[in-house]
Every structure is written in structure tokens, then in C-alpha cells.
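Novice: Going down the list, the protein sequences come from chains A and B. So that you can map any letter, position 28 of the first sequence is 28 in the UniProt record's numbering, and since no number is skipped, the others follow by simple counting. So that you can map any letter, position 429 of the second sequence is 429 in the UniProt record's numbering, and since no number is skipped, the others follow by simple counting.
Among the hints, a few may not be true.
Treat identical chains as interchangeable: a pair holds within one or across any two.
[Stated by the list, open to error] Simulated crosslink set (SDA-like; lysine to any residue; CA at most 20 Å straight-line): (1) K297 <-> S97; (2) K272 <-> G260; (3) K272 <-> H187; (4) K272 <-> D429; (5) K297 <-> S278; (6) K272 <-> E428; (7) K297 <-> G322; (8) K272 <-> T234; (9) K297 <-> V282; (10) K297 <-> P331; (11) K297 <-> Q186; (12) K272 <-> G99; (13) K297 <-> N386; (14) K272 <-> G125; (15) K272 <-> T396; (16) K272 <-> G175; (17) K272 <-> A235; (18) K297 <-> R152.
Simulated from the structure, these hints should not be mistaken for lab results.
2 protein chains.
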Amino acid sequence: MGAPLRIAIAGLGTVGVGTVQLLQEHAEAIAVRCRRPVEVTAVSARDRHRNRGCDVSMATWYDDPVVMAREAEADVVLELIGGSDGVARATVEAALSAGRAVVTANKALLAEHGTDLARAAEAAGVPLAYEAAVAGGIPIVKALREGLAGNRARRVYGILNGTCNYILTTMEETGREFHDVLEEAQHLGYAEADPSFDVDGIDTGHKLTLLTSIAFGRPVDFGAVFMEGIRHVTAMDIQQADELGYRIKLLGVAEETEHGILQRVHPCMVPKQGPIASVDGVFNAVVTEGDYVGRAKLEGRGAGAGPTASAVVADIMDVAAGRTAPTFGVPVDRLETGPAASIDTHVGAYYVRLMVLDRPGVFADIATALRDTQVSMESILQRGHNPGEVVQVVMTFHPTVEAAATRAIDRIAHIDAVVEPPCMIRIEDL
Amino acid sequence: MGAPLRIAIAGLGTVGVGTVQLLQEHAEAIAVRCRRPVEVTAVSARDRHRNRGCDVSMATWYDDPVVMAREAEADVVLELIGGSDGVARATVEAALSAGRAVVTANKALLAEHGTDLARAAEAAGVPLAYEAAVAGGIPIVKALREGLAGNRARRVYGILNGTCNYILTTMEETGREFHDVLEEAQHLGYAEADPSFDVDGIDTGHKLTLLTSIAFGRPVDFGAVFMEGIRHVTAMDIQQADELGYRIKLLGVAEETEHGILQRVHPCMVPKQGPIASVDGVFNAVVTEGDYVGRAKLEGRGAGAGPTASAVVADIMDVAAGRTAPTFGVPVDRLETGPAASIDTHVGAYYVRLMVLDRPGVFADIATALRDTQVSMESILQRGHNPGEVVQVVMTFHPTVEAAATRAIDRIAHIDAVVEPPCMIRIEDL
């Protein structure tokens, strides 16, 4: 049995407490697997006197996590504070400067500053591990960085935000509208009071950025991610999707294109029989397409104390056992900077829903707009017939480049009889 | 850049050639990720002069792989010969004795001799890696051994044989019978001339044994696996399953029960909406249930040159980067020997199909048999009505212990009017 691996934990929220519980409950099994015990020697959180339901009395308390990261008797600093800057960032930087390994669940921090932090970890010769930052308990970071490392990635995509997936699944099951379901999710604790990070696709974008870096060996480039959330998806869109053979999911997709790496987050209509449509509720899934392995999918719980603690502890066990890899799979100076493709270059099919005054000539106006913008319509369907009233018109476009689809939709939006901004959802063969 | 990792390859069949191609095509990326190049320095195969479509002229040729394993200038010996004994085993033993790391795709060898080989690897202080032995390109060995290592496993199960899954999927899609589809699969090269390893569940059993060892920290115990293949599954059973809301899959299941670890391989009726029913054709999937992570599923191609080479190369890259773990997750002397549960202790629901002479009194005889054996029937259905002729009767039992179900079926088989041995398929909520 080797010397204990000493852990300093910054942040004792749900995940921190779950991690302490896992480390204590399975202490013996972990020691056997790592050939050394893992001990929590220091902790830091906001309120020292709060009862958290876990015993950290054996650990030295620090009011300031940055001081702890610098001074504690610890081999690993666990950053579970969250946020892309401020104290979380300072804690990680202090730990790396002090030559301590870092394990974090902080996707925002890594999406914004991952390349710099990876460089600092390399300079210090310590690992910077973040399995818990992407897709909760699913070991996707390890799978991409090690288990599938022999492949050249073509594409990686997934359902990376359980809150959005829960909302979309519930909208589908109940026929209710977005705001109604969001409110309920907030009451149930599945969504934050400020839901923007989740429902506007930012959280998915953070996670996608990390997957992109590992899969393609690129520096993290969160600024290049196209992001569109799910606020505009209606119960009617979900029903229409169903009739067309699709389900609507918020996906993060990163793919190599002739214009560079395209990173995009948006609602997608995906075929019901495809690999991603069946992933429901709070589950996450990541699909990766490699040149030798073909398509592989990993699915599991994307959030929650247990799954996240599972991922955090796996990282700790890797550090304990001396299993390390460069933060994004290759050394920082070998990450390849290349062009980032714009969403305008995306080629795909489109679903467009319009609210239209039911009067003669509207279809002709739409047809003219499509002809002028060189977009080919696959289908058009008017729901109901009510002369003089507003009715719903649903169209699908054959695969076309997004720049053209956007021009077409913009032209259509300016037709007099179109009374609301059109709703567009991309159709993907994923 | 570190010193090259030198590889000696024993066996240049499909997987060997695929591995050489991958190592050559992605040589630079692999060197960057491992911080050292990987070089094939020695090869051994049956026929030196066969054109294999890959260039191994830079490697030293050995007619005898055992001599190569002992003498070649290599850090790693790749065993891709196959078979649980004979030259494959001798090659691996020679490599470990000579202090060389071993990477193998040989499930039969490890299922039969895994604990001894793990001990030899430990004594030599070298890794024995076998990601390719289970579920092809899916990195499930790494996921269980490292990515989910903090969990206590409750159950692990999966579709582990692409040949059987292809046959069952094709039977379902076409309504054709087993032997017909098997013959076609043999013509297409999806099934061996001697299909027994696949269709009788032996290959699934081999793979399950390895998953069991990793998930539960047990010595490999292939002898304890209950195995039943898919030869007795008929098109009618598949249609009945469909009507009952199930699909039929050959599963390997390992679970902790009050009687010990139960390892079983047999066709299962699984709910269409469950995590495993949608895995079609040559795809494999493994579901693991851990106490913290909950349910996680990994899905991908279970065989073929590309996916298998992907797994082999991942193992090689781990060796190159110095990432190692004990063969079955814990050191051999910490593997826990415990009782193996018998299939008789399994508790589940059952589907039973009978061929019965259509005459009065048969249902009464069946009911008596069930009463006497204390088995509770959920449903019974006679297909067609043809007095004096043979008709089909389909029953389902409520969950019961297998010993009782077996007694009931045995009693029913002895009823005069039952003219063929009953066909039983277990119903699982997986």
C-alpha cells in the first residue's frame, strides 16, 4: 500500500458532499484499486457551520479556498466552486502554481480558460482532470482522450444538458408549452432560478467546447460556438416533428468541414430511430464518429450528486494510480489552431413554421422568395383553412447551405401576410 | 519525444492487418498523443508470403510467435492469434515471462486463464491489456476499470455478440427462421462455418466473464456462466414478443444476488422502450449499473477490423503513455472469491410456447401443473382453434424463481397433449 493521496476540496455543495460520501463509503475498495488510500485533508466552503450531512471533521478547514490551494497539505485540489472566473479560477491557478494536481467539474472555467490552464498544468507537471465537467457520470472525456485515441474524429455530438432535455421530453409527453414546463422544472429544482445558462444553450456550448478540443486536438474556442437555445420551440413544433418522424433535441455538434471545425448548439429535429432520439429526461448522451471505430455512443446521467461524484472520484483514482494524459489529449504546444467554420456554411435540411394571414397569394409569395434565394422546398402544409384569420404554415427545405436558408427565411419574414417572425429548426440525420 | 515503443505482432489476420494500417496511417498523431512513436518491429503469422494489403517489411519476421514473444526486440507483444490454449496461450505466457507487456483481443484465452495470466503480468510488472476482447471498439474495459471505478457495481449486462444480434434482428425484420438466416450470415461472412461459439452463447459467455471480473473484482470464472444460445428461438417467438411489447436479444448478464454473483447468457425478451432493445444488427452495447453513477450505457460496433484495431491501438497507446491498471481492476491477490449463484436462483418472468393437440382438458392439465409447482400464470393464449390438430399455446408466468418455473415447464412437458418440448424464454425488465 502506497502513501495516501491527500485531497483538498474547494466547495461543499451537492457535488462536494457527494464526493466526500463516495470517498468515505468506498474507501477500502478505492484504496485496493489505487494501491493507496485517498484521504480528504482540507476543505473550504462558504459557511463553516452549515450541517451538510457529511463528516469533514478530519480535514483542516480553510475560509479561503485560494489559500487552501496554495498551502494545504494536499496532493490534489478539487475545485467544485463553479463559474468561469473569480474564486474558482484563482483556486485552480493557485493549485497548479503550487504543483498540485487539479480535479474540477467546472465546464465554464475550462471552456473559457482551458488552454491556459492546461499550459499551467503542463508547466507544473501535474494533471488537470475534468471528467465531471462534461455529461456528468458518463466517462466521455476518458473515452475520447484514451479509449478512442487511435481514431481521427469526424464528428462528436450529443445531448449535454439534462435541464433542456427534461423540458423538451416533458413538453412532448404533455403537450404543454415551454414556459409552463420551465416553471415547473424550476419548482422541482431541475432548473435554476436564472435558467439562461441551460435553456439558451450556453452550458451545452461550454461542454461542447471541451469535447471539440479533445476530439480534434484543438485549443478550446468557446467564442467560435454558435449557440441557439430552446425558448422558441413550441408544443406545435414538437407535434409537427412527430408527424414528420422526428423528435426535437437540443444538441451540441462539433464536426470537421471543408471550412474548418464547426461547433454549433441548437435544437434539432432528429429521426426517431436514430441513436440520439431515444435519450429522454435528465439523461445525457454523446455520439462520436471515428474513422476506425465508426459510431460509438455513451449514455448516462448528466448531472446530480451521485453521477458527478462518480466522475470526480474516477479522476482522483487516476491521479492516485499515476494514470495521466495531457489535458486535451495532446500537449498544449501540439494543439492545432485552424479555422473555425461559421454556421452560415452548415449544410442541412430545415423546418420552418410561419404564422400567416389566410388569404390568396401567400403561397405564391413564399414560392417566389424561395426561387429568388435558390432554396428548394421539400414540403409545405397549411394547418386549417380560415380566410382572413391567422393560420399556421409548416415548410421543410431540402438540404441547403444555411446562408441561403437564412436569406430565404428573411425574405419570407418580410411577406405582408406573415404576421410573426418565422420559427426555424434544423433537421439533422443524427 | 521519448524512445519508440516497439511492437511485436503475433497474427496477421483481419485485426492484425487493421492494426498495422491504423498505426501507419495515424503514426504522427499517435506519437504526439503518446509523446513517443509506436513502431512495429516484429511480426509472426502462418504464411510469410501471403499478400495482406499492408506493409510489414520493416519488421523482423518470425515463423514461431512464441520465439518472437521471447526474443524479439519489442516492448509489447500483440497476441491476435485467438483460441483459449495452444500457440496463443504459449505466446502470451512467453511474452509475460520475458517481461514484455501484452495486448490481446483474445476473450477465450482470458476467460479460461485470465487470473493466472494476470498474476504472471503482475509478477513481471507489465500490463496485460484486452480492450478489444470485449465488445470490439467500445471502450468498456477502460470505462469499468477506470472511468466508473468509484462505483460499487450492481449489475452489468449487454449485447456482446454481433453475429447473434444480426441473426435476431434479421429474423425480426424478415420473419424468416433461424437456420435460414444463419446460412445467409455464413455466406455473407457474418457467421463462422462452425457457428457454435456464437449462436450457442459461448462467445458472449467469454466476454461476460471478463466484464464480471472487472465490475465485481472477482477472479474470472467462466465455468460458472449459465449459457443458452439462440437456436431454439423461432420467428413465432419473435412475433409473440412483439405483440407483448418486447424484442428478443441474446444478453449476457452479471449481477450480485443474495446467493452470490450470477452470470448468465440466454435470449431475453426486453421491453421495446428499454435501454437495450434498440441495439440492432452488428452493434454491441453494455449497460452498467453502479451505486453512484446509476445506469450508464456504451454502444458501438462489436467486431470488424476497424473497431477492433481501434481498441487494440488504444491499449498500445496506454502502454506507450505509461497508463496502467491491474488486469481486472484490483491486484490479483485482492480479487474476491465468493459464491457463484446458480441459474436456479434467478427470479424473473417467463414466456413459454407449447405445441399442443387441440382437445378439451388441456388447459386444465396446464393449470394443475402450475398449481402443483406454485407458479403463477400471467396470461395464456391459444393461437387458432383446430380440434384434433396441433396448435400453438403461448403463456407468460409472473416473476418466480427459476427452479419453480423449470419444474412447472417440466410438468407441462409431460402432459400427453403437449407434443413438443416447450420453448422457454426469460422476460427481463432490462
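Novice: With reference to the structure, classify each hint as holding or not holding.
Specialist: Taking the hints in turn, this is what the structure says about them:
1. K297 <-> S97: Answer is neither; intra-copy 37 Å and inter-copy 38 Å both fail.
2. K272 <-> G260: neither (29 Å within a copy, 40 Å between copies)
3. K272 <-> H187: neither (30 Å within a copy, 32 Å between copies)
4. K272 <-> D429: This pair counts as within: shortest intra-copy Cα distance 10 Å, inter-copy 22 Å.
5. K297 <-> S278: Cα proximity of K297 and S278: in one copy and across copies (12 Å, 13 Å).
6. K272 <-> E428: within (11 Å within a copy, 24 Å between copies)
7. K297 <-> G322: neither (27 Å within a copy, 27 Å between copies)
8. K272 <-> T234: Cα proximity of K272 and T234: one copy only (18 Å, versus 28 Å across).
9. K297 <-> V282: both (17 Å within a copy, 14 Å between copies)
10. K297 <-> P331: neither (26 Å within a copy, 30 Å between copies)
11. K297 <-> Q186: This pair counts as neither: shortest intra-copy Cα distance 30 Å, inter-copy 28 Å.
12. K272 <-> G99: Neither, since 49 Å and 51 Å both go past 20 Å.
13. K297 <-> N386: neither (47 Å within a copy, 49 Å between copies)
14. K272 <-> G125: Neither: 46 Å inside a chain and 49 Å across chains, both beyond 20 Å.
15. K272 <-> T396: Within one copy only: 17 Å inside a chain, 30 Å across chains, cut-off 20 Å.
16. K272 <-> G175: within (18 Å within a copy, 23 Å between copies)
17. K272 <-> A235: Answer is within; shortest intra-copy Cα gap is 17 Å, inter-copy 26 Å.
18. K297 <-> R152: within (16 Å within a copy, 23 Å between copies)
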